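*Asks:* Residue numbers (mature numbering (1 follows the signal peptide of the UniProt record, and there is no 0)): -24 to -1, 1 to 711.
Be careful, since some hints might not be right.
Lysine to any residue pairs mimicking SDA-like chemistry, simulated, CA-CA at most 25 Å apart [stated by the list, open to error]:
| no. | residue 1 | residue 2 |
| --- | --- | --- |
| 1 | 657 | 670 |
| 2 | 559 | 674 |
| 3 | 643 | 654 |
| 4 | 281 | 347 |
| 5 | 29 | 69 |
| 6 | 29 | 111 |
| 7 | 467 | 206 |
| 8 | 381 | 267 |
The calculated label-pair distances, taken between Cβ atoms and stated as ranges, are [said to hold, decoys possible]:
| no. | residue 1 | residue 2 | range |
| --- | --- | --- | --- |
| 9 | 70 | 540 | 32 to 40 Å |
| 10 | 252 | 333 | 32 to 40 Å |
| 11 | 440 | 23 | 29 to 37 Å |
| 12 | 421 | 85 | 53 to 61 Å |
| 13 | 333 | 154 | 38 to 46 Å |
The set of hints was computed from the structure by calculation and includes no laboratory data. Quantities reported herein were computed from a predicted structural model and do not represent experimental measurements. Beta carbons: idealized from backbone N, C-alpha and C, even for Gly.
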Amino acid sequence: MRKFAILVTSTALTLGITSSIGHAQSPIETQNDRIAIEVHTNEANVSKSELIKKLKSVFPNQFDFLKESDFTLSNAHHYPEDERIRYDLSFQKLLNGKDVYGSVTFVGDTLDIESFYYSPVTTADSLFPPKVSKEEAQKIASDFLSKLPNGNNYELNPLYTNFYYYSNQLLTEPIRYEFSFVLKENNIPIADQQVYVSVLGNGDVTQFYRYVQNPKNVTFDDAKLVKSNQEILNKVKNNLSVNLKYQINYDYRTGEESLALVYQPSINFGINALTSEWQTANGFTKDTPNVGKVKLLTAKPLTPKYNGVTVDQAKKIAQELLKIDVDKVKLNISSVHEYENEQGQPFLSIGYSYDWDYGGFGSSIEMNKLTGEITSYHDLKEEVLRQLGEPKKNGEITKNEAQTKAIEHLKQWVPSYLHNYANPIGEPYLEQGRGIYHFTFPRVVDGILVEGSQISVSVYNDGSLSSLYVHHREFENWPSTKNIITSENAKKKFLDALSLKLQYTKLPDPKATHYHLVYSPIYNNNAYSYLDAVTGNWNSQNGEINLPQVTHPTAEEELNYLIQNRILEVKDAKTFNADQTIKNGEALRVLVKSLSYFYEYDIAESEILTQTYENIDKKHPLYSVVEQAVRIGILDPKESFNPDQLLTKEQLAVWYVRALGLDLAAKNYEIYKLDLIDTNKIQPKYVGYVALANSLQLLELESNNQFIPQLEVSYANLATSIFPLAHLIHENRRY
């Protein structure tokens, strides 16, 4: 029996800008998994050797070490909405004891490369310090694109920023330069035609992805008919207003969540460059964008469905929501897992599956344990019916009827939340083809809308529930509206910071083939800018933070790499002294973040499984670092750990050797003979560690052939020694 696990995600429509709930509702399209349709052998008339030849023409000499037998050609396929045939070619080879592998997808009669992934045997020159600089890597990426069809019609997207979920890249991994380019038509960017290229520090192109547009029936607005930038700019300025909102900002790199009181413009979508019509989530309209009145869903709190639920009650609630009227399909509730959210509130994650004779789908729903209310749900029944060849949901429902149904679902499944939320502001997004209306019900605090806290509801065209997600955040102190800049002042700042970007954009319809020319508003030259209502200053939700740059006679390059990569935290470059000794806790943080991925912030209660040391509990700022160090063997749980003690050279030798996986070898200290003047000053149990660290040239000897085990380690000492360690670990591929 085959089982499928569905991970449901939502992707922002490529409208060329970032929208807000104050202008339009949830302009997102839920991307249902693309189902590949296998192509019969007689339809796929492309041989493996032909595809290999195509690959090597794009990467001359790079894959000459591979034989045809190292390649595998998967079954050709196409998608329901795209009849072009795709071919997946993969390769794998053991080279010098290490795996080399990759994959390529070719599409269409011309066998254009749609995606490429390559995992080579990386060499030291791809780690820090890299063989090629970022500027050189950008040229390599551009040269690579030039070999592809229309490759010279791409321009660099300067606003693209690579993002690491765990806040930093490991020192043991190759440096990766990430670039985004956008395709141009008539020298104008096409918003949804972007490519992503990854270049290693040694200059190898290792990743490439783009969606190859089907050229059939694609049309573009005539660029000669575009209205002037000034005419459209005047129209935007004449209709612009500003709105005061709370905004929840979340930094995924640090795990920090913050509140801001901001002004947002009423105009975020663009204007048709030919007709001057306003762009919306569903197309274009002559109606000027405006923010509707805020009307709460309920004036008073509604009674929760339950006053706490047991596991059995939770299963019954889930069965009511998930029931499916198909005899051949069985609903199974497989698990109920309790956890606490970031605010310490108890929730239940309920795993379930729909099973039938030859397959099945599985997912989970989330439930507030205190109220029995569903806070996260995405319908799988439609996909189950599609797999079984059952008829689709049919119905004709208007926008207003769909909104009424959405509110009915909210009152049924999440009544106790509703007094905190308002009716939708602006138009819902209609997902063409599937007939699904997407509504966003914004949070309201003291009469002010909250950006980043909302209830999202999707309704099928027969009125049934497609999805429900409650994103409810609690804060003790909401920023005061006293002493903020006036709306008139804010509007002037937006007008002064306003510019327009001309680009080609398609309507949010999967069947759309025409690209419209649109002027999109940009404020403060950044699509993610917002105006702080308290300070009157511009900020950016995802802008790069200018981290400090320090100077040092011997460790400047290493220190700055650690700082810019968020491994070493330096608040003020002027007061930072790299020759100052470092404490155990800070040094351990640098070491662990350099060598292993882990999420350092906001540990959920359900993930708190251990506490190795009595003095480092879950509330300690180093808890995650210390537990990770124990997991990967750098710290010994049988020993003690004092984060405030200054790091010694002897202790660092122990950590480095353990990081290399040589702990057992080092423990047999009797077999080591150190030809050092101060060998007798080294603790006997650490002689093996010092001997190995010395022989591997990880830690330098001091004058007169001395190790000086109790010598305190400085920031600079740590920075210059940790990179050779990372290179050794990389060679042995321990992490």
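*Asks:* Hint by hint, say whether it matches the structure.
*Replies:* Evaluated hints:
1. 657 / 670: holds, 15 Å
2. 559 / 674: Holds, at about 19 Å.
3. 643 / 654: Holds, because 20 Å separates the two Cα atoms, which is no more than 25 Å.
4. 281 / 347: With a Cα-Cα distance of about 6 Å, the restraint between residue 281 and residue 347 holds, given a limit of 25 Å.
5. 29 / 69: holds, 18 Å
6. 29 / 111: violated, 30 Å
7. 467 / 206: Holds, at about 19 Å.
8. 381 / 267: Holds, at roughly 23 Å.
9. 70 / 540: 32 to 40 Å: holds, 36 Å
10. 252 / 333: 32 to 40 Å: violated, 58 Å
11. 440 / 23: 29 to 37 Å: This hint is violated: roughly 48 Å between Cβ atoms.
12. 421 / 85: 53 to 61 Å: Taking Cβ atoms as reference, residue 421 and residue 85 lie about 57 Å apart, which means the hint holds.
13. 333 / 154: 38 to 46 Å: holds, 45 Å
The structure does not agree with the numbered hints 6, 10, 11 stated previously, though it agrees with the rest.
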